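Novice: So you can see what is in the structure, the chains are spelled out below.
There are 2 protein chains.
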Amino acid sequence: MSLMDEMNKRKGRIEKEISEVFDHNRSHPMWENMAYYPEAGGKRLRPFLTMITTGAFGEEESRAIPYAVAIELVHNFTLVHDDIMDKDERRRGKKTLYKKIGDARAINAGDGLFALAFKKLAETDVDEKDLRVLLDELSTSIVRVAEGQEEDLSFQGTYDITEDEFIDMIEKKTGYLFRAATRGGAMIGGADEASIKAVGEYARKMGIAFQIQDDYLDLIGDEELIGKDVGSDIGEGKKTLMVIKSLSELPHENKERLIEILEKESNTTEEVREAVDLFEKAGAVEYSKDLAEKYAREAKEHLEILSDGEYKKMLEELIEFMISRNR
Amino acid sequence: MSLMDEMNKRKGRIEKEISEVFDHNRSHPMWENMAYYPEAGGKRLRPFLTMITTGAFGEEESRAIPYAVAIELVHNFTLVHDDIMDKDERRRGKKTLYKKIGDARAINAGDGLFALAFKKLAETDVDEKDLRVLLDELSTSIVRVAEGQEEDLSFQGTYDITEDEFIDMIEKKTGYLFRAATRGGAMIGGADEASIKAVGEYARKMGIAFQIQDDYLDLIGDEELIGKDVGSDIGEGKKTLMVIKSLSELPHENKERLIEILEKESNTTEEVREAVDLFEKAGAVEYSKDLAEKYAREAKEHLEILSDGEYKKMLEELIEFMISRNR
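Residue numbers (the numbering used here), protein chains in the order written: chain A, 191 to 517; chain B, 191 to 517.
Hints were generated in silico from the structure; no laboratory data involved. Nothing here was measured: the structure is a model prediction, and the numbers come from that model. Incorrect hints may have been included.
Copies of the same chain look alike in the list, so a pair counts if it fits in one copy or across any two.
[Stated by the list, open to error] The calculated lysine-lysine pairs, modelled on DSS-like cross-linking and capped at a C-alpha distance of 25 Å, are:
| hint | residue 1 | residue 2 |
| --- | --- | --- |
| 1 | Lys290 | Lys277 |
| 2 | Lys277 | Lys289 |
| 3 | Lys445 | Lys502 |
| 4 | Lys289 | Lys484 |
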């Protein structure tokens, strides 16, 4: 079975679980709002990671489902709130939730998803001792995600951002929830400490690669597939690694011009093209791609601790998928 | 020792714990934002409830502290987000958090507090089996709080609200977290099912009484003590029980006038006075006070299951305090 087939198989399972959660409660208007993102699709990467990590240690994947659903709900809650904070207007090809129902209800629906995730966590079929560890793992990772979001917000007012600061931010915003997905999966699978650590590092680094790739896809992706306008990050003046790298590499005049384009309320197609040319001139597109690949390579090395087999193969292929995907 | 002394004793303990949590992490700007409400004081009613419920079943109160802190952090997270949703400008005599740092950072700081509460929960010194129950209890209560907030938001666009709908809303927004505070405290204290249920009902009904009283205090309270302007609910057009009752009791002309005052962007002192007169004419102020007392009485009846002693006395006195307080 191809990786895509393996992913789709678990995706179906997770989506069935998610639907059931919301179907029980849909009569209350908040639940309709809560269901908007989780039911709008998505790659379900995080629950996939949890399930196959559990499987990799010889345990039934189905035992991982409540935790996997919890992770996916946490991910969706962060999307709901992030869209408000970042003023993003489209998500997965649809209006963002706050654009549809207003800030107040969207904040609240996000809170509902957050709480629901922990309610789901309580259903996890693990030794009671492990439940405490999972609770600490998941809550700590969300604290890190929020720290990363704060750092991201602080980037909005400045161009004085180092590459290290940027990587630290995406590590927190993306890496830590990926990490919690695999560490939790490994714990449910009964893995030993060293293995839990290894798959956690694998996922953390893959998360960083994933996020760098995400910004890169905004430039080269297919609008239909990525569900938003190509170059929208430039229009929004987002401080991606490509921006940070370009600003540190370009001569003064180019740098000023790039900032000018990023600062504009909206950009023409020509301006977006011009910004991309400046990224290219600075070698920042290539640099981003290389750095994503470096993190992906390092991620893969952490898998050496696992015994060979279909699960290890999936985890390895997932890295390839991450950095070669077009959506 | 008077109830106030007993409350202050635990308040000091809880505030010390809260400070320690934030002192460890204050170097990150998000943590400074997260600490703003928890360190701004407050009555610490919910952690007090948890601690004395644990004590009431013969267990050391100190065992309840992590859970009590978790409940207080949850309460503070709801305040941070509610202030954004309700556009409130002052809280505990200071600017609300979002007024100070903007919506985005305040949403995020609220999320950080939410996650931190569950991290604190993981520290609770209980049997691992009980931890699962506490996790379910706390997360479910937050789902209810969010449902209540959604209902409250839906009231903003209408005057067609029944008393039952209003009570259902405040039960969820306030009653359920009070309920989780005592149920958790009782579980930590090793109480049996019937006792857990009884103290839960006690707290749920007290929460309803507390909220009705809160709206009443907005009219008759001391500005210095309540930390906001007297009559501010009228200025904001808040749909309190007094408003709902007045609209159902007053003749058409008075009703139209009351709505006119509530709809205005801001009110003069005369208009606030006029609204209060209309509440009085409808018997709504007296009605609110009576209903709060009815819930308080019912709450007290649930305490019959407890054995006599200092803890039962505190829980009883707490009800008196709730409905006779001026802040």
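Novice: Just pull the numbers of the violated hints for me, sorted ascending.
Specialist: 3 and 4
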